[in-house]
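Protein chains: 2
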Amino acid sequence: MKKVLVIGCGLLGSSLVRKMSKKKIAKKIFVYEKSQSNISKIKKLRLPIKIVKTFKDGVVNSDLIIICTPLSEYKKLILKINNFISSRTLITDIGSSKVETSKIIKKFLRKDIQWIQSHPITGSEVSGPEYGKVNMFEDKWCILIKDKKTNLRCLKFISSFWKKVGSKIVIMDSKKHDKIFSITSHLPHLIAYNLVKSAQDFEKKQKYDLIKFSAGGLRDFSRIAASNEIMWRDIFFDNKINVSKAIDIFIKNLNSFKKDIKLKNNNSILKKLIQTKKVRSKIIKLKHDINKPDFGRS
Amino acid sequence: MKKVLVIGCGLLGSSLVRKMSKKKIAKKIFVYEKSQSNISKIKKLRLPIKIVKTFKDGVVNSDLIIICTPLSEYKKLILKINNFISSRTLITDIGSSKVETSKIIKKFLRKDIQWIQSHPITGSEVSGPEYGKVNMFEDKWCILIKDKKTNLRCLKFISSFWKKVGSKIVIMDSKKHDKIFSITSHLPHLIAYNLVKSAQDFEKKQKYDLIKFSAGGLRDFSRIAASNEIMWRDIFFDNKINVSKAIDIFIKNLNSFKKDIKLKNNNSILKKLIQTKKVRSKIIKLKHDINKPDFGRS
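Line by line, the protein sequences give chains Z and G. Residue 119 in the working numbering is what sits at position 119 of the first sequence, and the numbering runs on without skipping anything. Residue 254 in the working numbering is what sits at position 254 of the second sequence, and the numbering runs on without skipping anything.
Same shape as in the complex, but just chain Z (with noise of 0.2 Å):
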């Protein structure tokens, strides 16, 4: 490709511009930050790219557009965007929920342009440019949407896309992939935050001093509970239909296990904790974490 154009070049967006560069997949990376911090660390890095200052300098000529923003700002973009692309040039995003983003997209982009949906399965709880990793796409599962109207040729090109910066391409449709990703990243997340609020809760109430015995599990959550708080809620509020169904199943078997510590059931408990038990073994074996107890960390 001759010319890229990053919007958004915080964690992700950061991680691509680095893999791209180190790759030569694009001649000219460009990039457009809307915060001014950012940009200053972004410069720091010194990365072969050009920052621009104007929307239109970006998007003109570019062969692909990446967005890297919260989901929020989409709608914003689209309408900023559909004044100087061309036709010719593909757009993709990295967002975590598909089927109110497609919505939107549908409805404000110009329609001789092609969007093709994508999410890396990848991030940390930390954010901005300067945490970016070369290697933040390797071997990492990267999803494509692929709906009714999908154009199969775009959808070629932005999964050879992804490819060269090292992920494994899964394609499926927007609701599908709305359904499985509230269930194994939208619930756990929602449940991080709700629980390191109990644990400040209570620690108001009862004025203990909690957080010095995290160590029991409670520091694991707060991990998660420290990721970025604009593009979760873009992420609760887009998918809120299916996180308010896994948030019910979820409450249903809370209610059940607290009934059988009530009545000490003492097979229910067991078969529970032992079936529990067979999904580290399986992520462990499919490589999607460390094969080391407690994560690797000492």
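In short, the hints are calculated from the structure, not lab data. Predicted, not measured: the structure shown is a model, and the values here were computed from it. One thing to keep in mind: the hints can contain errors.
[What the hints assert, rightly or not] The calculated label-pair distances, taken between Cβ atoms and stated as ranges, are:
id : chain 1 : residue 1 : chain 2 : residue 2 : range
1  : G       : Lys264    : Z       : Lys204    : 21 to 31 Å
2  : Z       : Ser268    : G       : Lys76     : 15 to 25 Å
3  : G       : Lys168    : Z       : Lys50     : 46 to 56 Å
4  : G       : Ser87     : Z       : Ser268    : 34 to 44 Å
5  : G       : Ser86     : Z       : Lys207    : 39 to 49 Å
6  : G       : Glu130    : Z       : Leu152    : 46 to 56 Å
Positions of the beta carbon are idealized from the N, C-alpha and C atoms, including for glycine.
Starting from the structure of chain Z, add chain G where the hints point.
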């Protein structure tokens, strides 16, 4: 000390043995372990210990007995120990729930014997003597239980023992202990088990392969949900009143969060997400977790 007996030589028991022999804390270390498979594993470790076959051999003439078994073993153990123990032998344990066990001790232990309850805040999702580590207790909190009738001389002795194996001491009563750990440890484990169960329920119902996409958050929970099932069943049963209250606080927060999402209550959600994020910085500052994104795993 001349003679220490460790009853139950799994992850923590074997870690204690390693540390005690390395630091020469006792002249002789005896181990009583009922699992034949664990005994074989311990023998392979070639530690300078004596594995006793009868309870009597272990208990007689001990200065200190450290019980490292699941909580549900305590009553049986006490009834056996009563037959051989001398009143100069001190007992401690490493259990994670204290009020119920203190009742068992009070009811069944011979009246001339002193038992100081301990709870070192450490562990891992793996079980078994082969995973023990010499630095398991290094710089970790160890809670010592002091209730009305606690013998202060014995408390001092146990405190000095834990300091020798590397722990930092906090003293509190059993009720406060069980309240605090219902939130910082028991609730997180219960949630992890139930989140993984919810994913399994969903997988079965929708016939989607969820685990493949666990990197978005689920994999973190799966580590905690892989913890020893007997140990955790016992903790949930013993601390059921506090744990049930913790579940109720948590469900209340979940429902309020669900409502915020439904109504797109921006201010309330952002306030919560920003507030909970602060706990991570506090944990890192207190050096209770590794100060690297993603726990330093890569």
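Hints and how they fare:
| no. | hint | verdict |
| --- | --- | --- |
| 1 | G:Lys264 / Z:Lys204: 21 to 31 Å | holds, 27 Å |
| 2 | Z:Ser268 / G:Lys76: 15 to 25 Å | holds, 23 Å |
| 3 | G:Lys168 / Z:Lys50: 46 to 56 Å | holds, 53 Å |
| 4 | G:Ser87 / Z:Ser268: 34 to 44 Å | holds, 42 Å |
| 5 | G:Ser86 / Z:Lys207: 39 to 49 Å | holds, 43 Å |
| 6 | G:Glu130 / Z:Leu152: 46 to 56 Å | holds, 52 Å |
Of the hints listed earlier, there is not a single one the structure fails to meet.
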